[in-house]
Amino acid sequence: MSLLIADSIHKNFGALEALSDVSFEIQPGKILGIVGPNGSGKTTLFNVLTGVYKSDGGSVLFEDHQITGLPTHKICRMGLVKTSQIVKPFTRLSVMENVFIGGLYGRGLGLNPARREAMELLNLVGLSEVAHQPSGSITVAMRRRLELARALATGPKIILLDENMAGLTPVEIDAALELLRKINEEGIALVVVEHIMQAVMGISQYVIVLDYGKKIAEGTPEHIVNDQQVIKAFLGDEYV
Amino acid sequence: MNDRRPGRGLIIGLIVAVVLAIMPLFTMGYYVNLLTVIFYWIGLAGCWNLMCGYTGYIDFGSAVYTGVGSYVSGILLVRLGFPLPVCTLAAGLAALLIAVIVGWPTLRLRGAYFAIATFALAEALKQVAEEWTSMTEGGIGLTVTYRLSDIDYYWVYLGLAGLVVGLTWWIEHHKHGYGLKAINEDEEAAAQVGVNTHMVKLKTYALTAFFIGILGSLEANRLGYFKPEDVFDIHITIKMVIMSLFGGMGTVLSPVIGASILQIIEDVLGAEFINYYLVIIGVIIVVVIMFLPRGLVGALSKIFARSSRPKQGVI
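Chains W and R, in that order, give the protein sequences.
Residue numbers for the first sequence follow my numbering, beginning at 1 and rising by one.
Residue numbers for the second sequence follow my numbering, beginning at 1 and rising by one.
Any given hint could be a false lead.
Straight-line alpha carbon distances no greater than 20 Å define the calculated SDA-like cross-link-like pairs of lysine to any residue that follow [said to hold, decoys possible]:
#1 R:K175 <-> W:M197
#2 W:K30 <-> W:M197
#3 W:K30 <-> W:G219
#4 R:K175 <-> W:G219
#5 R:K203 <-> W:K30
#6 R:K203 <-> R:I101
#7 R:K302 <-> W:R92
What follows is a list of derived Cβ distance ranges for each label pair [to be verified]:
#8 W:Q27 <-> R:I238: 50 to 60 Å
#9 W:G110 <-> R:E123: 22 to 32 Å
#10 W:T139 <-> R:L109: 30 to 40 Å
#11 R:I12 <-> W:R92: 18 to 28 Å
Derived from the structure by calculation, the hints contain no laboratory data.
Beta carbons: idealized from backbone N, C-alpha and C, even for Gly.
Chain R on its own, in the form it takes in the complex (with noise of 0.2 Å):
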C-alpha cells in the first residue's frame, strides 16, 4: 500500500501542475493574482510545515529569513545593480547561513525556548535594519525599481512552490523523513537507534530558510518597496503556522490545502466584509482547531481510511 500511493499521488501532482502552468495563457488578471499569492504561501507555509510539522520544533521566527531575504536581495539589486537571480539566489544563501548560526544552539533547546529565541530574532534584525539607514533607508523603505511581469512571478512562485512540496515528499519518503518523524515522536530514542537528531534538524532548518529567503526575496521584488515592519512582520511567520496547522502539521499536502482555503477566504472575506474578516478568520481557525486538531488532511484521512477499512477486511 505503501509503495504504491506515491505514484499515482506523483501523476495527480503533476497533471495539477501542467494545468496551472498553462492556465494563465487563457485567463488574466484577478485570478493569476490570486494563484500568484497563494502559491507564494503555499512555499512559505510547505517550508514551515517541513522543519515544524514534522519535527513539532515551533518557529516563531520564520520572518527572519522573509526579512533577510528581501533585504539582501533588495540591496543587492539597488546599490550593486546585480541581476535579480543572483540576487535571489544570494537572499536564500544568506538566509542560510543565518539558519545555521541561529540552530546550532538554539535547536538543542525544546519546545517553547526555541520559539522564543527565534522569534526574538526577528524582532532584533527588524531593528537592525529600522536602524541601518545608510543601507536599508530604515522605516523609509526601500523602493526596488526592476520588477518581472506578472506571468513570471506567477510561474516561478508556481515552480518554488511545485519544488517545496515535491522535496516535502521526497524527503518523507527517504531517511531524512524517517528520521524527522522520529525526532517527533521522541527524540532521546531516535538518538538511541543511531539519529544524530541535532544535525537532522539543522539540515531541515536551513534548507527551509534557504527556500524562506528566496520568498522573500522574490516578494519583496514584486511588491517593489517595503519597509522593515513589513518584512520581518510577526503576521509573515503566524500565517505560515495557521496555514499549516488548518491543513494539518506533517503530511506533504497540509500546506497546500491550508494555504489554499485560507488565502481565499482571506481574498473573499477581504473585499466583502473589510472590517470583520479578520474576526471571521479567527473563529474558523478557532473552529478548524477544536474539532478537527489534525487539521483537514488528517481529517480527510481519517474519512477514507474508515471506508476503504471494511473492504480490507474481505481481501
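Chain W extracted, bound-state conformation (with noise of 0.2 Å):
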C-alpha cells in the first residue's frame, strides 16, 4: 500500500500552469527526491499537498483517506508535515517551544509530555544548548534543523522537505544528510525537494524530475543522471 499517491495534480496561478498532471506515490519509509530547475513547481507541489494551496485538479491520498481540500492542520495531525523553504520560527519563542508547540497540537500531547518529547528532539537535532534561546537568534544552519525538530514533533509518517539543506556548507550538508537518514530509519517517510544534485541523489531511492510544472522523467537516482531530458532541462541543449 503507498503511504500518499498524488493523482495528475493541477495548479494554475491565472494564466501561469504551475503544475499540469504531477503524479507520483511513495511508500512507507522510503525516500522520494523531487529536483527541477527554479520555478518547476517544487515549492506548489508541496503547497498543494499540504492544503495551504487548493488544487485545481487532481486528488491526494494519504494513507487511503481522500486529503484533498481538507485544511493544513488536519493534513498535520494525520501525519503530513512540511517544512518551508524561508525558514520561519515563532522568533519571540524559544527554540524548546517551537518544538514544543508541535507536540501540544500536531499529536495532542499535553504539556509535560510534549515538553519531554521537545527537549528528546532538539537533542536528536543537536540543538539541546540552545533550547532556551529565543529562535529568532540561532544561525539558519540551526534554524534548518529546528524546522526539522519542529516537523517531527507533529509525530509524522512522512515529511516534506523543502529545501533543507539550502545555504549550509558541505560539511553542515553531510551533517543534515545523516541526520535525514537517522530520522528515515526511524521509519518515517521523506520527500526532498533540493537543488544540491548529489544531495538528493545519494540520499534518495527514487527520484522524479519536475520542469515547468510537468513531470518529464522518474526512476531511480542512476537512471535519472543519464536521462537526456533532464541533462536539456538543467543544462541546456548543447549538452545532450
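Got two chains here, separate frames each, mind docking them using the hints?
Spelled out as C-alpha cells, the structure:
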C-alpha cells in the first residue's frame, strides 16, 4: 500500500500553469527525491499536498484517505507535514517552545509530555544547548534543524522537506544528510526537494524531475542522471 | 526560570487582590469610585489584550459587545423584571453568540479587513438600537431603575478584572496561549504544526466577548441610564486599544498597568484641565508609542532583563 498518492495534480496561478498533471506515489519509510530547476513547481507541489493551496484538479490520497481540500492543520495531524524553504520559526518563542507547540497541537500531547518530547527531539537534531534561547537568535543552519525538529514533534509519517539544506556549507550538508538518514531509519518517509543534486541523488531511492510544472522523468537516481531530457532541462540543449 | 516566575507572580497577585478587596472597608468615596472605574477598564482592556494583543488581530468593534451587553440586560431587567445576575449572564451569552456569528467569517480575514468589519458592525448595531424604539427607547435612552450599591460594583468589578487577568495568565501558560502566540507570529507556520488557527481565534474572540458583554451589562446598570451612542461608542473600543498599547500588547500585566495609569491620568487631568486633558493624553500616547513600542511592560522587562543578565553570566 502506498503511503501517499498524488494523482494528476493541477495548479494554476492565473494564466500560469504552475503544476500540470503531476503524479507520484511513495511507500512507507522510503525517501523520494524531487529535483527541477527554479520555478519548476516543487514548492507549489508541497503547498498543494499540505493544503496551503487549493489544487485546480487531481487528488491526493494519504493512507487511503482523500486529503484533497482538507485544511493544513488536519493534514498535519494525520501525519503529513512539510518544512518551509524560507525558515519560519516563531521568533519570539524559545527554540524549545517552537518544537513544543508541534507536540501540543500536532500530536495532541499534554504540556509535560510535549516538553519532554521537545527536549528529546532537540537532542536528536543537536540543538539542546540552545533550547532556551529565543529562536530568532540562532544561526540559519540551526534554524533548518529547528524546522526539522518542529516537524518531527507533530508525529509525522512523512515529512516534505523543501530545500532544507539550502545555504548550508558542505560540512553542514553532510551532517544534515546524516540526520535525515537517522530520521528515515525510524520509519518516517521523506520527500526531499533540493537544488544540490548530489545530496538528493545520494539519499533518495527514487527521483522525479519537474520542469515547467510537468513531470519530465522519474526513476532511480542512476537512471535520472543519464536521462537526456533531464540533462536538457538542467544544462541546455548543447549538452545532450 | 519559566517555572518559578508564575508562582511568585501568583502570590503577589493574590496579596494585591486581598488588599484591594478589603480596602473599601477603610476608605470610601473618591478612591473607591476611581478604583471601580479602573477595575472596569482593566477588565475591558484585558479582554481586548487577550484577543488582539496575543493574536495580532486588531478588533475595532469591541463596543459591539458592551452595547449588546447593556441592551440585553437592560431590556430583560426593565421590561421583563428578571433578576440582575440572570440579566448579566444573558448579556454575556448574547455577546458570545454574536461573537461566534461575526467571528466565523471575519476571523478568516487578516489585518485591516477584520478591523473594518468589526468597526462597521458596531456602527450598524448602534443604528439598530436607535431605530428599534419599541425595545430600546432609541435616542431617548433606557433608564434602569434597579441598581446595586457602589461598594458592590467595586467588588464585582474587582472580581471580574481579577478573573480576566487570571484567565490571561492561565492561558499564557497553557496550550491555548502557545497557539495564540504562534498565530501572532506566523499563521501559516502555525497551521503547519497542527494549530487549528481559525478555531483558536474564534474561541478566544467568543470568550473575550462574553466578558465584555458582562462588563457592559453591569456598567449600564451602574450608570442607570444609557443611549445607543453611549454603549456602542467607538471611544470605548479606542480606550481599550490605547490602554493595551500603553501597557504593551500581549502580556498578562499590560492591561492592568495601561488601564490603571491612563485612568488615573484621565481623572487627574480631567479635573484640573478640563479643556485640554484630551490633548495631553494624546501627547502622552504618541510619546509612549514612539519611544516604547512594546509599551510600559515591554520597557520595564527590558530594563530588568538588562540588569539581571550579568548575574546569569556568572552562574
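Results of checking the hints against the structure:
1. R:K175 <-> W:M197: Roughly 41 Å between the alpha carbons, so the hint for K175 of chain R and M197 of chain W is violated.
2. W:K30 <-> W:M197: OK: K30 of chain W and M197 of chain W at ~18 Å, within 20 Å.
3. W:K30 <-> W:G219: At roughly 14 Å apart (the allowed maximum being 20 Å), G219 of chain W and K30 of chain W satisfy the hint.
4. R:K175 <-> W:G219: violated, 44 Å
5. R:K203 <-> W:K30: violated, 40 Å
6. R:K203 <-> R:I101: Between K203 of chain R and I101 of chain R the Cα gap is close to 12 Å, so the pair holds against 20 Å.
7. R:K302 <-> W:R92: Judged against 20 Å, a Cα distance of about 14 Å means the pair holds.
8. W:Q27 <-> R:I238: 50 to 60 Å: The hint (50 to 60 Å, Cβ to Cβ) holds, given that Q27 of chain W and I238 of chain R are roughly 59 Å apart.
9. W:G110 <-> R:E123: 22 to 32 Å: violated, 44 Å
10. W:T139 <-> R:L109: 30 to 40 Å: holds, 36 Å
11. R:I12 <-> W:R92: 18 to 28 Å: Given about 24 Å between the Cβ atoms, the range holds.
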